[in-house]
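These protein sequences, in sequence, are chains A and B.
Per our numbering, the first sequence starts with residue 2, numbered consecutively.
Per our numbering, the second sequence starts with residue 586, numbered consecutively.
If you are wondering where the hints come from, they were derived from the structure by calculation, not from laboratory data.
Think of the CB as a built atom: it goes at the ideal place given N, C-alpha and C, for glycine as much as any other residue.
Mixed in with the good hints there might be a few duds.
[What the hints assert, rightly or not] A partial selection of chain B residues facing chain A, derived with a Cβ cut-off under 8 Å: (1) Gly-605; (2) Ser-646; (3) Glu-647; (4) Glu-649; (5) Asn-663; (6) Ser-664; (7) Ala-674; (8) Leu-677; (9) Ala-700; (10) Asn-704; (11) Leu-729; (12) Thr-1181; (13) Met-1182; (14) Val-1186.
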Amino acid sequence: MLQLTASHIDSLAPNAAAAKNGRGLVQKNKFVKLHVSEEGDLLFGECSGSGKSNYACSVDFLTPDNPVSRCSCPSRQFPCKHALGLMYAYADGLKFEQSTVPEEISSKREKAEKREENKAKRESGELPPAKPKKVNKAALKKKIAQQLEALDELEKLTVSLVRGGLGTASARTVKDLNDHAKRLGSSYLTGAENELRRLALLLEQEDRESGYTYAAEQLTLLNAFIKKGRTYLQAKQEDPELSPDTESTIEEWLGHAWQLSELKEAGRVSENVELLQLAFYSYRDEARKEFVDTGFWLELGEGRIHRTVQYRPFKAVKFMKEEDSFFSVAQIAELYRYPGGLNARVRFEGMLPRQTASGDFEAVLGAASASIADAVKAVKNQLKDPLADRAPVVLLKASRIAQTKSGTFALVDETGAALELRDIYRLPQPTTPLLSLVDPTLLEEGLVLAMFEHRMDTGRLAAQPLTLIKGGRITRLLY
Amino acid sequence: MSTTLLQELQGELRRLYIAGSDLAADDFRLKRIEPKFAQLGERAPVFKKLAEGLAELTGPSEAEARASKLQDVSLLLNSVLSTQGATAAEGLKEEKLQESGLTDLTTAHSYRQLAEVQNALSTSGGGRYEIVTTAHRDGLFRDLRLFPFAMKALNDPYAELADYAVRYILPSYGPVIVPYLLAGLDIQGGREQERRLEVIRKLGVDAEDARTLNLLVKAAEEGSDKVRAAAIACLGSHPDFEDRLIEWSLDKKKPVREGALAALAVRNSEAARDRIYEAFTGKDAMPAAEAVGAAPAAEMLERLIPLYAEKLRQEYTGEEDRKSKDKLWSELEPFTVAFRYAKHTELERLYLDLGANQSDYPALGRLDYAERFRTLSQAAGYLKESDTEEALEVLYALEEQSPDFLPYAFHATKSRRSPAELYDRYAGSGRGLLRTAVSKKAQAIQKKLIETLHGEIHVYENYVRRRLPQETIETQWDPRWLDWVIDRNDLELVSGLAAPGHPKLLPYLEKQIENTSNSYYEHYIFVALDAGGYDEETKYELLMRWMENRDWKKVYSIYHGETERLIRIPARFAAEAADRLEPLIVHMRFENLKETMQEVVHSLRKKAASDE
Chain A
2 MLQLTASHID SLAPNAAAAK NGRGLVQKNK FVKLHVSEEG DLLFGECSGS GKSNYACSVD
62 FLTPDNPVSR CSCPSRQFPC KHALGLMYAY ADGLKFEQST VPEEISSKRE KAEKREENKA
122 KRESGELPPA KPKKVNKAAL KKKIAQQLEA LDELEKLTVS LVRGGLGTAS ARTVKDLNDH
182 AKRLGSSYLT GAENELRRLA LLLEQEDRES GYTYAAEQLT LLNAFIKKGR TYLQAKQEDP
242 ELSPDTESTI EEWLGHAWQL SELKEAGRVS ENVELLQLAF YSYRDEARKE FVDTGFWLEL
302 GEGRIHRTVQ YRPFKAVKFM KEEDSFFSVA QIAELYRYPG GLNARVRFEG MLPRQTASGD
362 FEAVLGAASA SIADAVKAVK NQLKDPLADR APVVLLKASR IAQTKSGTFA LVDETGAALE
422 LRDIYRLPQP TTPLLSLVDP TLLEEGLVLA MFEHRMDTGR LAAQPLTLIK GGRITRLLY
Chain B
586 MSTTLLQELQ GELRRLYIAG SDLAADDFRL KRIEPKFAQL GERAPVFKKL AEGLAELTGP
646 SEAEARASKL QDVSLLLNSV LSTQGATAAE GLKEEKLQES GLTDLTTAHS YRQLAEVQNA
706 LSTSGGGRYE IVTTAHRDGL FRDLRLFPFA MKALNDPYAE LADYAVRYIL PSYGPVIVPY
766 LLAGLDIQGG REQERRLEVI RKLGVDAEDA RTLNLLVKAA EEGSDKVRAA AIACLGSHPD
826 FEDRLIEWSL DKKKPVREGA LAALAVRNSE AARDRIYEAF TGKDAMPAAE AVGAAPAAEM
886 LERLIPLYAE KLRQEYTGEE DRKSKDKLWS ELEPFTVAFR YAKHTELERL YLDLGANQSD
946 YPALGRLDYA ERFRTLSQAA GYLKESDTEE ALEVLYALEE QSPDFLPYAF HATKSRRSPA
1006 ELYDRYAGSG RGLLRTAVSK KAQAIQKKLI ETLHGEIHVY ENYVRRRLPQ ETIETQWDPR
1066 WLDWVIDRND LELVSGLAAP GHPKLLPYLE KQIENTSNSY YEHYIFVALD AGGYDEETKY
1126 ELLMRWMENR DWKKVYSIYH GETERLIRIP ARFAAEAADR LEPLIVHMRF ENLKETMQEV
1186 VHSLRKKAAS DE
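Could you build the full structure based on these sequences and the hints that come with them?
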């Protein structure tokens, strides 16, 4: 029998409004018919809308980790509120009539099955593989040449900016930078486009002093990117057969969006993985012109902390699923891992939720670093590389969290070493003020998930707590 | 490794980034630190590399090359510095952290739930009030992570939202948040700080909490006017501050005096009462009255009631001009304010006497009608609730004097007499019996009675007027009322009082249906039909007649309730109903209306089909 919990349905919803509206449909008794298939793997029904005819909607759990919703309504959101309402109705224990699967859906199921079969056959070599994408070598060469040229131009721009000094930057400079960024984008350097726009934003910042510090840092970052990018592209130009670098993040910096198939080919897939989300947040990235939903997940058993990143362009916000905090364990058949450092990005296509159990918390405990020194070393090792992720996240064991005389907080490990906890620039929200409000027992012999950031102006490596964990309790300070 | 030196270099390079690399040539500050790097470079190759870079940066070269050099040196330096970041914390305190008192707050909510509220409280724009109030009702503010935002709400640019936080959100956390409210207090501030203190006053301050009290005293002494008044008002419940409060109640500034009087009313000690009495009889009568009105203590009332009686009894010999009338009212008005929510047997006695023997109170006679009515209706309002025979008699006397007091007497009668007696008194005898009132006075009485009935047969829920439950109508109202209101042709009252078993009801409603000018009263007619307990067929037939009778050319919309009613038509009539409704569509002029009716017809057809 199909098991559905409200929190699982919430996590399937594309956004809070859709979930709310879905619930509303159940409350207002808008569902005219509710059916469940004999096998219990398909919910379908009819929901009355504003029009003459009812919407026929269904949710297919043939593959339970990736339910497929269908609806005759014109919404571009999947699942739409009707499909969500159908699931809420089921979770609420409303009466569903057992019926046979409608023909319409069984034919769609057959088609999907056939697709799967073909895919399997292709993989096993029974069928000729789908035509490999032909790489147009001439076009690729042209593209690389264009990228190299754009890099040169970018270098010229930065050099002239450095020569004149940031102090002379005006609204005009900002506009030039933004215009140039646009050109980079059309020369296949979308990564550089975003970073240049970020520089422009820093120069626009109201707090000039801190703006300069970060702008200078951003300029050196662009310098590192130009150099590394140029070497990489030149190598590629000489040997167009060269497969993309799957070990470093340079491809992403250049603006490459990894396809799952590419990651699979490079062997960056783990099978049957269980992830537990420890922290989540979403922020507006003005440079990317996107919302970025970021989740930090612990791979149970492996002890690595992964990151999920979902970009939602401002323009497409209405049509994309807004991620949310996730409180169960996600069971994942195939986890695709991107190249990266301590918290490499991961992606998965579907997952099954499972309630957390005490064993999971043992795994969490096992994954935490007992020594501040070790953790800081790993963090610094990553920060050394200018193109690496600037804000690594680490899970630390704390023998206690203490207050300092100046009123700040520090994490003390079992050796007595102390790590100062501070709010960092890269997170949208402060969390340290909450430390004085939480249950003090959480601050003794617990775990802390912290994000690090090096502050160029003070020369300090700051760590901001994201989540406190003690026993079976996860206290998220962010989301 | 010398981090200070590296950090110094970082500062210098940052300076060059701002000033421009063109100025790096022969930069003497860089030249000064270069040898230090060269020296360290003998042991560590990184320093050597930096020293070389610095030499090239300051030495002779092309301008572009110099810029690139600055970028390169900076890149290397940033990488090195990133490995040198200090993490240690100084001055750790050994003692454990204090329990905040907010530890029962949860962190169970998800991003989507929280972010909506957090956004609402950190931006401006429409729709935020609704989000925050819903979140409060759903208990979202029990989440730890919204607490800082709840505090922030005090400073919200939308004053209603800030006031909502003061009234509901922040008090829900309990007195533990007082220290947090005070920690952010700026005693020179304005409205936001006043709100903080208002919350503190609501929550109350522990008499043992010396730190909080000291802060409040400081705010009361040194703050801006608003802050002073609000801080003083917080000190009412603490005996130690009585002398200070009395002192403040004599302050030069009016807000300060108001705050102090409010606190003294809460204090309610002998000395406090003396001071309030003094203010009441002096120039601060209104502030003192407001203070007593907000916290009416029995002891205080005992001193004011005789004074009120005395003022009312005072004979006046002077001329009756505007000035003297105003003066009189300015003496009496504070009492009406102070006794707004007061309950006291003495007060009841005074009101009874005032109502019964008005001639004993000459002051009353000298007031203008509006003021006299206000004074007497306060008395009537009190007596209406006191539920005694004596009070009822006085109310009847007042009612005799002016129909304006009828509602009070009616209400009191209703709670002390049987439904039949109520009817007999107001409608079953004398003037009430006449179908059309002749005299002006009779007309006024009847008008007032109908008005009163409107008020009595409805209950208010959150500003929404609802019909009384059918059971209440049938058991607590005399059935003759229905005939009475039918005779007076008040459809709304008929609908409100409708009950089964009235022969006059159906003909009356049928007549209403024929009357096309009634087109907006559909709701009342059909509620009355439902309440009258008629069978489905009658109701169906009347509904159809109603629809057919309407002048559809003039109707531009149809209420939701009306379509619902049509859709609820029993299945056995559905087919016929669809056939009768469909021809009406051609008469309609508005697309929306046509569509809606089309839908209704459609769903009726479907209903009929599924019934077969």
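*Would you settle whether the hint for Leu-677(B) is holds or violated, based on the nearest Cβ-Cβ distance to chain A being less than 8 Å?*
Interface hint status for Leu-677(B): holds (5 Å vs cutoff 8 Å).
*Going by Cβ atoms only, is Val-1186(B) closer than 8 Å to chain A?*
Since chain A brings no Cβ nearer than about 10 Å to Val-1186(B), farther than 8 Å, the hint is violated.
*Hold the hint about Ala-674(B) up to the distance rule: shortest CB distance to chain A must be less than 8 Å.*
This hint holds: Ala-674(B) lies near chain A, its Cβ roughly 3 Å from the closest one there, short of 8 Å.
*asked:* Is the interface hint satisfied for Asn-704(B)? The criterion is a beta-carbon contact with chain A at less than 8 Å.
replied: violated, 11 Å
*asked:* Given Thr-1181(B) as an interface hint, is its Cβ closer than 8 Å to any Cβ of chain A?
replied: With a minimum Cβ separation of about 10 Å from chain A (threshold 8 Å), the hint on Thr-1181(B) is violated.
*Grab the minimum C-beta distance from Glu-649(B) to chain A and call the hint holds if it beats 8 Å, violated otherwise.*
holds, 5 Å
*Close enough to count: is the Cβ of Asn-663(B) nearer than 8 Å to one in chain A?*
Check passed: Cβ of Asn-663(B) comes within 5 Å of chain A, closer than 8 Å.
*asked:* Next item in the hint list is Ala-700(B). Is there a CB on chain A closer than 8 Å to its CB?
replied: holds, 7 Å
*Mind checking the CB of Leu-729(B) against every CB in chain A and telling me if the closest is under 8 Å?*
Hint on Leu-729(B): holds, closest Cβ of chain A at ~6 Å, below 8 Å.
*Per-residue hint verdict: Ser-646(B), partner chain A, C-beta under 8 Å*: With a minimum Cβ separation of about 12 Å from chain A (threshold 8 Å), the hint on Ser-646(B) is violated.
*Once the shortest beta carbon distance from Glu-647(B) to chain A is found, is it less than 8 Å?*
Status violated, d = 10 Å.
*Hint validity - Ser-664(B) Cβ closer than 8 Å to any chain A Cβ*: Because about 5 Å separates Ser-664(B) from the closest Cβ in chain A, which is inside the 8 Å limit, the hint holds.
In summary, the structure is inconsistent with hints 2, 3, 10, 12, 13, 14 from the numbered list given earlier, while agreeing with the others.
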